[in-house]
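K.L.:
Chain by chain, the residues run as shown.
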Amino acid sequence: MTPEMSAPVAPMGAPHPDNSGLFRYTVSLADDALISAQRMGEWIASAPQLEEDVALGNIALDLLGQARSLLSYAGQVEESSGGQASTAARDEDALAYFRDEREFLNVQLVERPYGHRGGDFAATVARLLILSTYQMELYARLRTSTDATLSAIAAKAMKEVDYHRDHATMWVLRLGDGTGESRRKMQAGLDAEWAYHHELFENSHIDPALLEAGVAVDPGLLRGPWEERVCDVLAEATLTIPDVRCAVTGGRRGIHTEQMGYLLAEMQHLARSHPGATW
Amino acid sequence: MVRVSTGSTTGPESTTGPTAETVWDIAAAVLDPEVPVLTIEDLGILRDVGQDSDGCVHVQITPTYSGCPAMDAIRDDIIRAFADQGYDHVRVGFVLSPAWSTDWMSDEGKRKLQEYGIAPPLPRVTDPSTLRQAQDTAGAGHGGVVSLSLSVRCTLCGSPDTRELSRFGSTACKALWVCNDCREPFDYFKAI
Numbered sequence: 001m002t003p004e005m006s007a008p009v010a011p012m013g014a015p016h017p018d019n020s021g022l023f024r025y026t027v028s029l030a031d032d033a034l035i036s037a038q039r040m041g042e043w044i045a046s047a048p049q050l051e052e053d054v055a056l057g058n059i060a061l062d063l064l065g066q067a068r069s070l071l072s073y074a075g076q077v078e079e080s081s082g083g084q085a086s087t088a089a090r091d092e093d094a095l096a097y098f099r100d101e102r103e104f105l106n107v108q109l110v111e112r113p114y115g116h117r118g119g120d121f122a123a124t125v126a127r128l129l130i131l132s133t134y135q136m137e138l139y140a141r142l143r144t145s146t147d148a149t150l151s152a153i154a155a156k157a158m159k160e161v162d163y164h165r166d167h168a169t170m171w172v173l174r175l176g177d178g179t180g181e182s183r184r185k186m187q188a189g190l191d192a193e194w195a196y197h198h199e200l201f202e203n204s205h206i207d208p209a210l211l212e213a214g215v216a217v218d219p220g221l222l223r224g225p226w227e228e229r230v231c232d233v234l235a236e237a238t239l240t241i242p243d244v245r246c247a248v249t250g251g252r253r254g255i256h257t258e259q260m261g262y263l264l265a266e267m268q269h270l271a272r273s274h275p276g277a278t279w
Numbered sequence: 001m002v003r004v005s006t007g008s009t010t011g012p013e014s015t016t017g018p019t020a021e022t023v024w025d026i027a028a029a030v031l032d033p034e035v036p037v038l039t040i041e042d043l044g045i046l047r048d049v050g051q052d053s054d055g056c057v058h059v060q061i062t063p064t065y066s067g068c069p070a071m072d073a074i075r076d077d078i079i080r081a082f083a084d085q086g087y088d089h090v091r092v093g094f095v096l097s098p099a100w101s102t103d104w105m106s107d108e109g110k111r112k113l114q115e116y117g118i119a120p121p122l123p124r125v126t127d128p129s130t131l132r133q134a135q136d137t138a139g140a141g142h143g144g145v146v147s148l149s150l151s152v153r154c155t156l157c158g159s160p161d162t163r164e165l166s167r168f169g170s171t172a173c174k175a176l177w178v179c180n181d182c183r184e185p186f187d188y189f190k191a192i
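Residue numbers (the numbering used here), protein chains in the order written: chain A, 1 to 279; chain B, 1 to 192.
So that you can see chain B by itself, here it is in the shape it has in the complex (with noise of 0.2 Å):
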């Protein structure tokens, strides 16, 4: 079962010092099983790690798409990290407060995203459809201005020259893209 919870700070009191900071440091080096060169904290979805009083260690982690099916997963790597290091009593909770976006997304893990073959999410604009019809624009290769700060790089040339294949791809999180250029497919991670 999820257990729901938006945010509130009802739970234990974090703790501070060097424990607090070990503790971080565990839960923030999980890999993402979908993308396992980004750590949870790099994708931004770690949101709080603390220990209560009795030692029990508390982690909050909040989805990239409600359904994301990952997350259980994420849930069970993490509570299998800290029972590497001896931590036993740990439980992890999902957080939807506030909503994660891309900008969430370190620049280190957009950097890493880039190596592994998966174009990063292009900064959000404050009205979606503006960046759409960009993109459109971009994309439909009719001879026109190519917008090269809103297009999506190719991850294998590096060509700006790309358009959207498809809306929806692998996972949740991302679209499939194609290159003009080297005609090769890619992910691109969606921005929301």
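With the rest of the complex left out, here is chain A (with noise of 0.2 Å):
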């Protein structure tokens, strides 16, 4: 009845002899967007423009939008495979509200305050000029995923997080292409957020029947293109490409920075305070 009718594709939630690697995948791919979302946050009224508060809440609500629908999905795929059997599915909420740190597999990158105390501008461009640039590789290649809610999601996200990595290379270019001044910070920013970035790359908690079966990415295959897009960015903006030892990491084992309890207080109090409680 309506020409603009979506093309049918598999069924969700297509049964699967074991989805906890699938489940364990979406959550890491969720985690990384509703920690950084979280963290973003935190420049809402303190940005060093009116705009740059109103950039800053966007990116961070599309981050929060893509880490919603992620956690939606993940909650199906757990009930699907029988999962959390004797109590109820888990719900976006319950997955951002009632896990613990251990049970949260994002990256340590974007849980840290940026820079040592926290609002470093420099540092947030450089963390969103790394994190978009990844996702960016990361989601055009999981929208051919054969797995159609991850394949939709992805073909969503791609628009949004492309948006954000322009608005990252602005910045980049006119900080590191400055002043003296800006160039030296912009320079500091990126060594603190360039120890954390391999963690990405990373791909040994990735179920390897999820690689074949074409359901995931393997993120090994992203650093290529991530180097030559964020070095050509570096190198247009005059900064150097940093020599920094890499941080101990193991966000995609459930292993957090002190500063990721921290962060989760603040995320999740009102809802373990009030359970169900709405507005």
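Hints may contain errors.
Capping the alpha-carbon separation at 20 Å, the derived lysine to any residue pairs in SDA-like fashion look like this [unchecked claim]:
id, chain 1, residue 1, chain 2, residue 2
1, A, 159, B, 31
2, B, 190, B, 171
3, A, 159, B, 171
4, B, 110, B, 122
5, A, 159, B, 101
Just so you know, these hints were derived from the structure itself, not from any lab.
Starting from the two chains in their separate frames, assemble the complex, guided by the hints.
P.N.:
Written as structure tokens, this is what we have:
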């Protein structure tokens, strides 16, 4: 009845023998977005200019939206595989607000405060460049996932993270190729974030069967195109590719930095204090 | 909870005939809460409306942006619109595929946007960076050639001499522009 009726795709939640791998993979994608959004939201009302309050708020909102779609799907996957058998299926809120720190699978890159004392704008845009370039490469490939829901979410998210990357690039160029002071701060912010970028390309948390079936994207394959794009921006911004020691990470295994606990406390406090509250 | 669906047609069979048209029209008349001159049909986010054999109406909508906070309000407005017409059983589902783009917006919708004071989205080009470069050139205003076909026109004075003030605006779907002629700022509906 409608010409623009969406093309039929495989029904969601098609039975898998064991969906725990798909659940963990989906949660890892969701948590990168969710924790980024929560951290980025700290800028609202304290960014260097009003337009930036709005920009970072909007970017955080996009990421939150992606996280909601992914967490909702993770809940469906868990339900269909008989996980959490004796309890009710977990929805997006249950997964966001009632998981403990060790159950979060985001990279440590996104949970840390911006800079040593937080509030470092240069570190913020450096991280956004690192993350959005990675997400762009990831979603561009996940778009053709054999999992229809992941594919649909990726196709949507790709347009959004492309815009984020554009915004980050604009700032890195402006600050890097700016005054001596702005360049020094931009380089310092980049160096601080760079130590954590390699975790994005780890793949040990992904069930090999998902890669084989074309459901998941191997993050290791993203490193080459990622480096090319990021290094192009850094070169144009007259910045030096950081030569820093890689931080010890473990986010994909649920091992987080000290700051993660504080972030979760703020994010989860209301929902845990008043379960089921609505407004 | 948002139940994410991929646009599969596993739902009930859509009916055809006068009833189908009626239910489509009821849903299609619902206004977007952020831009209340546009209907959700104008915006291109209404994907399907049907009624199953039990009389339950099923509506499928798609978000403009993943994080669009208006989706819940739109769902409630759709349910209310049907209730006003005597339909008590309405289910609204969200579909993500195919992903919405500004190409789904109707010409009528673009005209209404312009009248409302929001510059409508430019046609999308295959490579978004091409358009951005063209916009940068047009917006730089250093006496260079201004590409009229790609410029965003001021919604107040109609001048094509405009520039982007902020890539992000009051809602996820808009950017903030300013007119170099009349100096007034205005919203631009981002082309995605």
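K.L.:
Against each hint, give a clear statement of whether it holds in the structure.
P.N.:
Each hint tested on the structure:
Taking the CA atoms of residue 159/A and residue 31/B, the gap is about 25 Å. The hint is violated against a cut of 20 Å. About 10 Å separates the Cα atoms of residue 190/B and residue 171/B, which keeps this hinted pair within 20 Å; it holds. A hinted pair counts as satisfied when its Cα atoms are at most 20 Å apart, and residue 159/A with residue 171/B qualifies at roughly 16 Å. Simply put, residue 110/B and residue 122/B have alpha-carbon atoms about 10 Å apart, close enough for the 20 Å limit, and the pair holds.
This hinted pair checks out: residue 159/A and residue 101/B have alpha carbons roughly 9 Å apart, not beyond 20 Å.
Of the numbered hints given earlier, the model fails hint 1 alone.
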